[in-house]
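Chemist: Below are the chains, spelled out letter by letter.
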Amino acid sequence: MIQTQPGRTNPKDFLIAFLMAIAFLIRLPTDACAGLDGNRTQVREDAQKLGLVPVSTSANNGYTSVTLSLPPGSPLSQNGLKTLTVREFLDASGQVFAVAWEGSLPPDLSVLLGRHFKSLPAQNHSPDRHHLFIHTQNMELRVIGTSRFRAGRAWIPSRLPPGFTLSEIRVRTP
Amino acid sequence: MSLFYLRKKSSSLFLILTFLPLYGCGGGSSHHNPSNNQMVVYQSSQGSVNTPMVTLTVCVPNTTTCEDVPNILVDLGSTGLRLSHTLSISSQLPQESENGGAITECYLFVSGYNYGPVVTATVTLGNQPVTVPVQISNSALSAPSSCTQKGPSAPFEPAINGILGVLFPQDDTLDGLYYEGGSGPTTVSTSLVVQNPVFQMPSPENNGVLLSGFGTVSQTQGAPTVSGLITFGTGGTSGLTQLDTNTEGYITARYNNSNLTAFFDSGSNGWFIDNSSIPPCPSTSSFAGFFCGSATNQSATLTGTTGSSVTLTFSIESAKTLFATGNQDFSSLGGPFSGYFDAGFPAFLYGYTIGVGWDPNTVNSTNVGYFLYGN
Numbered sequence: 001m002i003q004t005q006p007g008r009t010n011p012k013d014f015l016i017a018f019l020m021a022i023a024f025l026i027r028l029p030t031d032a033c034a035g036l037d038g039n040r041t042q043v044r045e046d047a048q049k050l051g052l053v054p055v056s057t058s059a060n061n062g063y064t065s066v067t068l069s070l071p072p073g074s075p076l077s078q079n080g081l082k083t084l085t086v087r088e089f090l091d092a093s094g095q096v097f098a099v100a101w102e103g104s105l106p107p108d109l110s111v112l113l114g115r116h117f118k119s120l121p122a123q124n125h126s127p128d129r130h131h132l133f134i135h136t137q138n139m140e141l142r143v144i145g146t147s148r149f150r151a152g153r154a155w156i157p158s159r160l161p162p163g164f165t166l167s168e169i170r171v172r173t174p
Numbered sequence: 001m002s003l004f005y006l007r008k009k010s011s012s013l014f015l016i017l018t019f020l021p022l023y024g025c026g027g028g029s030s031h032h033n034p035s036n037n038q039m040v041v042y043q044s045s046q047g048s049v050n051t052p053m054v055t056l057t058v059c060v061p062n063t064t065t066c067e068d069v070p071n072i073l074v075d076l077g078s079t080g081l082r083l084s085h086t087l088s089i090s091s092q093l094p095q096e097s098e099n100g101g102a103i104t105e106c107y108l109f110v111s112g113y114n115y116g117p118v119v120t121a122t123v124t125l126g127n128q129p130v131t132v133p134v135q136i137s138n139s140a141l142s143a144p145s146s147c148t149q150k151g152p153s154a155p156f157e158p159a160i161n162g163i164l165g166v167l168f169p170q171d172d173t174l175d176g177l178y179y180e181g182g183s184g185p186t187t188v189s190t191s192l193v194v195q196n197p198v199f200q201m202p203s204p205e206n207n208g209v210l211l212s213g214f215g216t217v218s219q220t221q222g223a224p225t226v227s228g229l230i231t232f233g234t235g236g237t238s239g240l241t242q243l244d245t246n247t248e249g250y251i252t253a254r255y256n257n258s259n260l261t262a263f264f265d266s267g268s269n270g271w272f273i274d275n276s277s278i279p280p281c282p283s284t285s286s287f288a289g290f291f292c293g294s295a296t297n298q299s300a301t302l303t304g305t306t307g308s309s310v311t312l313t314f315s316i317e318s319a320k321t322l323f324a325t326g327n328q329d330f331s332s333l334g335g336p337f338s339g340y341f342d343a344g345f346p347a348f349l350y351g352y353t354i355g356v357g358w359d360p361n362t363v364n365s366t367n368v369g370y371f372l373y374g375n
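These protein sequences, in sequence, are chains A and B. So the first sequence is residues 1 to 174, counted in the numbering used here. So the second sequence is residues 1 to 375, counted in the numbering used here.
Possibly wrong hints are sitting among the right ones.
To be verified - The calculated lysine to any residue pairs, modelled on SDA-like cross-linking and capped at a C-alpha distance of 25 Å, are:
hint	chain 1	residue 1	chain 2	residue 2
1	A	K49	B	P144
2	B	K150	A	G73
3	A	K49	A	E140
4	B	K150	A	D108
5	A	K118	B	A143
6	A	K82	B	L177
7	A	K49	B	P185
8	A	K82	B	L192
9	B	K150	A	L166
10	A	K82	B	T186
11	A	K49	A	S77
12	A	K49	B	S183
13	A	K82	B	V363
As the list claims (entries may be wrong) - Negatives, chain B to chain A, calculated, CB over 10 Å:
hint	residue
14	D68
15	G181
16	N297
Unchecked claim - Pair ranges (Cβ atoms, derived):
hint	chain 1	residue 1	chain 2	residue 2	range
17	A	G62	B	D244	37 to 45 Å
18	B	T131	A	K118	39 to 47 Å
19	B	S91	A	P72	43 to 51 Å
20	A	N60	B	N246	24 to 32 Å
21	A	P71	B	S35	50 to 58 Å
22	A	T57	B	G100	47 to 55 Å
23	B	P94	A	A59	56 to 64 Å
24	A	N60	B	T313	35 to 43 Å
25	A	L81	B	P94	25 to 33 Å
26	B	N33	A	P72	49 to 57 Å
27	B	D359	A	R115	44 to 52 Å
28	A	T57	B	S183	32 to 40 Å
29	B	P34	A	L166	39 to 47 Å
30	A	S93	B	T131	54 to 62 Å
It is worth saying that the hints were derived from the structure and are not from the lab. Here a beta-carbon is modelled for each residue, glycine too, at the ideal position from N, C-alpha and C.
Taking the hints into account, I'd like the entire structure generated from these sequences.
Modeler: This is the structure we're talking about:
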């Protein structure tokens, strides 16, 4: 970002800062709604926030999916020891209705769940440390795994395309 | 949340006292006489089902200030010892620091995060005291945003006082987010990182653990309680099959004509498996996450990366039916998860020994270990 110091602002810096502030304000609402309920452009933004890159897109019956993965040499991968793959599912109108992820690197759920992140309970009191089962009014969230590897999926039940089965919400095809 | 079941403490104690002497095959605690490298593992008395616990003596290093801490979860699915901030010993353990800043950690369980200071403690495993970095989970602290963005907080209280994570490798560098003086995430020195205390045991007890002796628990109704043993060191493994894991600690399962990602995990309270033909409990019910239908004579073949395999036979019974018994340990409690085969604590209730192990000389560079299964 641009550093502005009192007494040293020149007109060019000011103009750039002003334009960036405008751009930031325009971006703000879209940022808050990426992940679930996001659109195709926002999937790319999600990838950036998570340190991932889109690696493939597939068209299925009534939906398309975009797979995001750690780029080769990413510092997040810690020389290949850490993995993360995300798949976002978009309906015919281009909106994300489900996400799946898998790997040893836990993703920011605040990115993947988008505006639904706020509906998570602040505390989960389940003594089962290796599952997360959350049902909210508009979203279902499931995660399984050990601390070394985990797989998760979240979806909006009211927005599943006709004929879609929940077992399709996964990173790798069975 | 939905994946556990609390009942009144007084009634569960009453059930234990009433039924234990009459119960023939549930593995009563009186049968276990632990050797020097063993400790008794018992069902939680704090209200959650299928939860194996151990009592650890935790001391301030080089002092006689100690506390016997009951209800520490024995967990094959995480690495390192973590204690609740509610224990009186927790505030007396010396804080670790580096570069002038107190070290704190955000450790991410699947169920949520635990955030708090990293301290040093001397804990006794079997009859062996070992000194290791330990995390204090303090749900009263406000965690950094890099931690809270991962999901909900998962406090230990009220169900457990701590977690003894015995999964390899030696420390949790790969799993935890570390902070110095509140800044981070950053990298801290290896010697200061939370460690699986088993690695500090003298050889040959530093190469893994076995869980055994829980008996064979009824698949139709469960047992009021169970107890068994944790053994430090996998020395007596004749008769056990070694299933090597990949670098992320899992093996594969063949179940219901599907190939699944598999692992053994004493910290999971059910069989979480890919079987869409067994009806799940409604997601709005108190049994949400479990199966509410039953299936007998189930069979799964678990295979390690080097080809050896074992076949598990088991049943699934409706969670509603099982919880109605008032029992606390169930060999047939399970739930759906497509693509996965999590052999949780119920798998330990079929009379077999299950363990996790590693080569102490290579595991920290390879991240590869193994599960053990047999009798």
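Chemist: Compare the structure with each hint and give your call.
Modeler: Hints and how they fare:
no., hint, result
1, K49(A) with P144(B), "17 Å, holds"
2, K150(B) with G73(A), "23 Å, holds"
3, K49(A) with E140(A), "23 Å, holds"
4, K150(B) with D108(A), "4 Å, holds"
5, K118(A) with A143(B), "16 Å, holds"
6, K82(A) with L177(B), "13 Å, holds"
7, K49(A) with P185(B), "16 Å, holds"
8, K82(A) with L192(B), "21 Å, holds"
9, K150(B) with L166(A), "23 Å, holds"
10, K82(A) with T186(B), "16 Å, holds"
11, K49(A) with S77(A), "15 Å, holds"
12, K49(A) with S183(B), "20 Å, holds"
13, K82(A) with V363(B), "16 Å, holds"
14, D68, "21 Å, holds"
15, G181, "23 Å, holds"
16, N297, "23 Å, holds"
17, G62(A) with D244(B): 37 to 45 Å, "41 Å, holds"
18, T131(B) with K118(A): 39 to 47 Å, "42 Å, holds"
19, S91(B) with P72(A): 43 to 51 Å, "46 Å, holds"
20, N60(A) with N246(B): 24 to 32 Å, "29 Å, holds"
21, P71(A) with S35(B): 50 to 58 Å, "51 Å, holds"
22, T57(A) with G100(B): 47 to 55 Å, "49 Å, holds"
23, P94(B) with A59(A): 56 to 64 Å, "58 Å, holds"
24, N60(A) with T313(B): 35 to 43 Å, "36 Å, holds"
25, L81(A) with P94(B): 25 to 33 Å, "30 Å, holds"
26, N33(B) with P72(A): 49 to 57 Å, "55 Å, holds"
27, D359(B) with R115(A): 44 to 52 Å, "47 Å, holds"
28, T57(A) with S183(B): 32 to 40 Å, "39 Å, holds"
29, P34(B) with L166(A): 39 to 47 Å, "45 Å, holds"
30, S93(A) with T131(B): 54 to 62 Å, "59 Å, holds"
Hint compliance for this structure: every hint is met.
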